[in-house]
Amino acid sequence: MNQSVVQLRGITKTYHIGRDITVNALRAVDLDVGAGEFVAIMGPSGSGKSTLMNVLGCLDVADGGTYLLAGENVGKLSDDKLAGIRNKHVGFVFQTYNLLSRLNAIENVELPLIYGGDRHARRQRALAALEQVGLGDRIHHRPSELSGGQQQRVAIARALLNDPSMILADEPTGNLDSRSSAEILAIFQRLNEAGKTVVMVTHEPDVAAHCKRIVRMRDGLVARDELVPHPRRAEDEIAAGIGAAE
Amino acid sequence: MKLYDSFRSALQSLVVNKLRSALTMLGVIIGVAAVIAMVSVGNGASASVQATILNLGSNLVTVQPQFGNDQGLKGAGAQAQNLTLDDMRSIQNQLGDGIAAAEAEQGTGRWQVTAAGQNWNTQVTGVTEDYPIVRDWKLDSGEFFTTSDLNVNAQVAILGTTTAQNLFGDADAVGQTIQLRQVFGGDRGGGRARILNFRVVGVLTTKGSTFGFSRDDQIVVPLTTAQHVLTGRLNIVNSIVIKATSSDTMDATTSDVNNILLQRHNISDPASADFTVTNQNDTLAALSSVTGTFTLLLGAIGGISLLVGGIGIMNIMLVSVNERTREIGIRKAVGARRGDILTQFLIEAVALTGLGGVLGILLGWAITEVVHRIPQAASLPLLITSGTVIIAVGVSVAIGVVFGLYPAMRAARLHPIEALRYE
Ligand SMILES: Nc1ncnc2c1ncn2[C@@H]1O[C@H](COP(=O)(O)OP(=O)(O)OP(=O)(O)O)[C@@H](O)[C@H]1O
Ligand SMILES: [Mg+2]
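Residue numbers (this note's numbering), protein chains in the order written: chain Z, 1 to 246; chain E, 247 to 669.
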């Protein structure tokens with residue numbers, strides 16, 4: 001673990017439902033993620049994993065504590081500054097893909113470049129990202145013309161486009177069969193080997209077993225934090241013809 | 247975000263909902279078309295009124311007798327007087343080159359006219375020698391009568407083109423003789439109809455009509471002849487018309503004429519004058535304020551439909567923002583700032599109204615063309631001015647901004663996570 005990409009200290013997040021119900025989704029989370037790590041976040045439903053990911057991805061702001069992203073305190077930034085960080089420094093992958101149904105694959109991938117970065121090499125970079133996830137031959141397909149696994153790969157290509165410091169994925173394989181899951185994991189492992197920091201939420205131990213480190217959450221706190229001695233390799237499993245989760 | 251991308255995504259989403267976009271746009275199209283058509287009718291009407299007034303001659307100052315409430319002539323204490331030919335001559339003498347020309351008129355009513363076996367019924371008016379100059383009305387053929395004709399009450403006549411056509415067809419009227427017979431009370435003198443012979447000395451050029459009355463169907467004769475031979479009302483004229491040298495001198499001429507007549511009629515208090523002097527500029531100003539109000543009113547009617555169109559835009563934009571909440575969430579998640587979302591939806595609204603505005607102008611233009619084909623309105627010049635077009639496009643774009651702003655702001659303010667969670 002060299003220099004820190006993420007440094008969380010005492011992060012809290014409280015939701016208010018109606019007038020008197022409050023939910024402490026995050027109570028005091030301390031977490032460090034170094035450059036080049038591949039972290040799985042696990043824990044029971046409602047333990048605050050998605051909330052934590054949203055804070056990490058600057059989609060939401062914590063109520064308390066400090067969050068340094070690549071050394072910058074993002075807790076006090078304006079909405080537009082946060083948008084800039086989401087655009088340049090974070091690539092977010094969702095369980096439900098979140099592609100724009102009106103746009104085809106390559107247009108979806110280009111989307112982050114519309115809001116920042118240089119528009120000059122837009123097509124080429126989007127094409128390169130799609131090729132990286134093995135979809136170079138599907139660039140003009142609409143999301144409705146792609147399988148779930150292919151849609152998720154388009155979403156990953158989109159997350160890669162601005163060359164972010166970190167990829168965040170909230171249950172990226174939650175909607176996928178084991179074969180597609182293995183393909184997604186293989187992509188993440190390849191990206192990680194190339195130096196990308198990846199943080200991924202998952203419910204499945206088999207999926208988490210592909211990561212280098214597992215953080216377990218319970219009731220809005222980090223309950224356990226352990227290294228995985230020998231992460232499984234998705235590529236080998238695909239070659240052997242078995243899915244990751246089987 | 248580059249404007250080009252905003253435009254692209256705005257147009258994409260408009261194309262996806264073709265029918266909805268078209269229906270929404272229809273509100274703006276109809277509104278703009280209504281404004282264009284209404285205002286052009288208004289402008290046309292006012293131009294037509296203007297032209298009609300000027301058709302009577304330009305730079306005119308008109309004097310008419312002022313009647314009091316009790317049918318008598320006004321002028322408290324002093325003996326009220328008629329306007330006379332001498333009044334007009336006095337104005338001519340005193341103002342000299344200060345005016346272009348002056349003339350006096352007396353209407354004699356309608357007469358039965360016969361010539362070459364043809365029968366016709368028309369208006370006969372007594373006028374003085376400078377009538378063609380004052381009225382900017384040249385002769386087609388022949389010569390206008392002169393002061394010597396006036397001096398001897400010559401029975402000579404000038405015909406309007408319609409009258410000449412009806413009496414003589416295509417033959418030359420000049421030099422022919424016509425007979426006048428009074429239509430009403432013509433046999434007052436013991437059942438014996440008076441028949442008066444007039445020699446035609448000229449035919450006027452075609453002038454068209456004023457407020458629906460043809461000015462080409464009339465006969466003018468020397469004023470003195472009208473007084474002595476036709477009506478017997480010897481020392482009276484119905485109006486004195488003075489043509490000023492230019493529009494700028496009209497006010498001065500008006501007050502000069504006023505002073506001369508006050509003096510001649512021995513009236514010290516202008517408020518009790520037994521005549522009124524009307525300045526054509528004042529008439530034009532009064533009429534143009536009336537037609538201006540009329541145009542404004544028509545424009546307002548169009549404006550209301552434009553407003554309704556604008557509300558339609560706002561409505562559809564709110565629906566669109568709602569429907570596309572997830573899309574907004576996705577765009578924000580990949581880095582769209584508030585301003586990006588705002589411009590995207592604003593451009594969408596402005597594209598709707600701007601395109602609607604252009605189509606509306608075309609429709610409005612088509613409507614005025616169709617109106618122009620209706621015979622009753624053919625004489626009405628329908629004016630689409632560039633001002634109207636610029637205002638219509640400007641207003642429709644402004645409507646897009648105004649009515650698109652609130653929905654766009656709602657979209658821009660959405661929280662990314664809440665937007666992404668929206669079902
Ligand atoms: N927008 C919200 N409003 C109110 N409460 C919320 C909101 N989002 C999350 N919560 C609550 O915060 C807690 C943590 O939610 P979170 O989505 O982070 O859980 P999670 O660990 O991702 O669960 P899962 O594994 O089911 O996805 C839950 O109790 C949830 O009910
Ligand atoms: Mg979750």
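These are calculated hints, taken from the structure and not from any lab test.
C-beta atoms are modelled at their ideal positions from N, C-alpha and C, and glycine is treated no differently.
Fair warning: there could be bad hints in the mix.
[What the hints assert, rightly or not] A few chain Z residues that face chain E, going by a derived Cβ cut-off under 7 Å, partial list only:
#1 Tyr15
#2 Val61
#3 Gly65
#4 Leu68
#5 Arg102
#6 Glu107
#7 Gly116
#8 His120
#9 Gln124
#10 Arg179
[To be verified] A short list of chain Z residues far from chain E (calculated; beta carbon distances all over 12 Å):
#11 Lys88
#12 Asn108
#13 Ala209
Outcome of the hint check:
1. Tyr15: Result: violated, 11 Å to nearest chain E Cβ.
2. Val61: Violated: closest Cβ of chain E sits about 10 Å from Val61 (chain Z), beyond 7 Å.
3. Gly65: Status violated, d = 18 Å.
4. Leu68: Cβ of Leu68 (chain Z) sits 20 Å from chain E, so the hint is violated.
5. Arg102: Hint on Arg102 (chain Z): holds, closest Cβ of chain E at ~6 Å, below 7 Å.
6. Glu107: At 9 Å from the nearest chain E Cβ, Glu107 (chain Z) fails the 7 Å test, so the hint is violated.
7. Gly116: Holds - the Cβ of Gly116 (chain Z) comes within 7 Å of chain E, reaching about 5 Å at its closest.
8. His120: violated, 11 Å
9. Gln124: violated, 17 Å
10. Arg179: violated, 27 Å
11. Lys88: With a cut-off of 12 Å, Lys88 (chain Z) comes too close to chain E, as the shortest Cβ separation is near 7 Å.
12. Asn108: violated, 9 Å
13. Ala209: About 29 Å separates Ala209 (chain Z) from the closest Cβ of chain E, which puts it past 12 Å; holds.
Hint check: violations occur at hints 1, 2, 3, 4, 6, 8, 9, 10, 11 and 12; the rest are consistent with the structure.
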